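Novice: In order, the protein sequences belong to chains A and B. Residue numbers in the first sequence follow our numbering, run continuously in steps of one, and reach 159 at the last position. Residue numbers in the second sequence follow our numbering, run continuously in steps of one, and reach 147 at the last position.
The set of hints was computed from the structure by calculation and includes no laboratory data. Nothing here was measured: the structure is a model prediction, and the numbers come from that model. Idealized CB from N, CA, C, for every residue including glycine. Where hints are given, some of them may not hold.
For lysine-lysine, the following BS3-like pairs were computed, each having C-alpha atoms within a straight-line distance of at most 30 Å [stated by the list, open to error]:
| # | chain 1 | residue 1 | chain 2 | residue 2 |
| --- | --- | --- | --- | --- |
| 1 | B | K14 | A | K86 |
| 2 | B | K118 | A | K152 |
| 3 | A | K73 | A | K49 |
| 4 | B | K14 | A | K135 |
For each label pair, taking beta carbons as the anchor points, the in silico distance ranges come out as [what the hints assert, rightly or not]:
| # | chain 1 | residue 1 | chain 2 | residue 2 | range |
| --- | --- | --- | --- | --- | --- |
| 5 | A | T149 | B | K123 | 56 to 66 Å |
| 6 | A | R37 | B | L20 | 45 to 55 Å |
| 7 | A | H154 | B | D49 | 27 to 37 Å |
| 8 | B | Y51 | A | E89 | 51 to 61 Å |
| 9 | A | D134 | B | D49 | 50 to 60 Å |
| 10 | A | R8 | B | I15 | 30 to 40 Å |
| 11 | B | E130 | A | E12 | 24 to 34 Å |
| 12 | B | K123 | A | K40 | 38 to 48 Å |
| 13 | A | S104 | B | D126 | 43 to 53 Å |
| 14 | A | N95 | B | P43 | 48 to 58 Å |
| 15 | A | K82 | B | I73 | 26 to 36 Å |
| 16 | A | I103 | B | E130 | 40 to 50 Å |
| 17 | A | D28 | B | I15 | 41 to 51 Å |
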Amino acid sequence: MGNNHRLPKEYIPFGEIIICGNRFIDGKIPISSERDGKSHEILLIGKGVLPQIWLAVPILPSSQSNYARPKWRYIVERNKTRMKNVEIKSRPNTLILSLGISIILEVNKLTDNIAEVSWLDLRLLGINIYGDKNVLNVGTNQLINNTFEKVHTMLAI
Amino acid sequence: MTQQKTQENKEPKIIENTLFNAPFVESEVIISNFQIMVSHEPFVLAKDEYQVLKSGNSFIANSATNILAATIGIALIIAAKYFSRTKIEDWELYVFYFGLILTAAAFVLAKFLPNDKKKLLKKIDKHFEGGSKNIEISNKNHGKQS
């Protein structure tokens, strides 16, 4: 879709990611921004000893125009946080990203090729996407137990 | 069941057990009135560091200026003697040369010796050009969103 922003070199996608109960198989980008023919990845979960996370947030120009196109800026780049208050904690095979006391993302590596997102809440970051182990809320939609197969991008916003 | 989804979904919907072969598109998920600012972490200046900045140059740099002034004084005396056709003693010239060498040495020393002010300025330079950039987040709608 559109002319693709180049993905980070170090990013190796999982064969399968279960995102809040929805299976994303043989895909590349779990969440991407697709606007006016331009795309920018928002969330990437790549392979590694621990899952490797990239997360971008929208930055609206300070003019506050609702029609302005947001720019995307990474706040987490390959598990390195670029934002104050955003913390990354890890347990064996689990990675937790939090902002203050709220958990933004919890990723579990199930096998070398399968990862699971068991918690996602991007609302504090300005994106109305959130979910738990079973339901993924995207705006006003609820995605439950769906399968995305051989799709480059799972969610395009 | 296979479903091709490229249309935008605006109605509230529950989508279950569906096989997608295209992305799920939903464009109205970016919360407006939301601002993220990129800023630099402020440099924390301690009181003693402030004193260092305020006190200015090092002792050696100040001495270099003083010695230079004295040397110029000697040069003026020699000039005065020259114009009044008074005999200029050898020792007067030696003192003048000595003054010049001392001045040069002091300036060179002041330039290359580390000093607290220079170190501090370097530290501040490094702080502002380095990777200490931070993204701050403020949400005017904080707490109002569902």
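Novice: With reference to the structure, classify each hint as holding or not holding.
Specialist: Here is how each hint holds up against the structure:
1. K14(B) to K86(A): violated (36 Å)
2. K118(B) to K152(A): violated (61 Å)
3. K73(A) to K49(A): Holds. K73(A) to K49(A) sits at ~26 Å (cutoff 30 Å).
4. K14(B) to K135(A): holds (19 Å)
5. T149(A) to K123(B): 56 to 66 Å: holds (57 Å)
6. R37(A) to L20(B): 45 to 55 Å: violated (26 Å)
7. H154(A) to D49(B): 27 to 37 Å: About 58 Å separates the Cβ atoms of H154(A) and D49(B), which means 27 to 37 Å is violated.
8. Y51(B) to E89(A): 51 to 61 Å: With a Cβ separation near 33 Å, Y51(B) and E89(A) fall outside 51 to 61 Å, so the hint is violated.
9. D134(A) to D49(B): 50 to 60 Å: holds (52 Å)
10. R8(A) to I15(B): 30 to 40 Å: At roughly 36 Å between Cβ atoms, I15(B) and R8(A) fall inside 30 to 40 Å, so the hint holds.
11. E130(B) to E12(A): 24 to 34 Å: Between E130(B) and E12(A), where Cβ atoms are some 25 Å apart, the hint holds.
12. K123(B) to K40(A): 38 to 48 Å: holds (41 Å)
13. S104(A) to D126(B): 43 to 53 Å: Violated, since S104(A) and D126(B) (Cβ atoms, about 37 Å apart) do not stay within the stated range.
14. N95(A) to P43(B): 48 to 58 Å: Violated - the Cβ-Cβ distance for N95(A) and P43(B), about 39 Å, lies outside 48 to 58 Å.
15. K82(A) to I73(B): 26 to 36 Å: Once the Cβ atoms are compared, 58 Å apart, the range 26 to 36 Å for I73(B) and K82(A) is violated.
16. I103(A) to E130(B): 40 to 50 Å: This hint is violated: roughly 33 Å between Cβ atoms.
17. D28(A) to I15(B): 41 to 51 Å: violated (26 Å)
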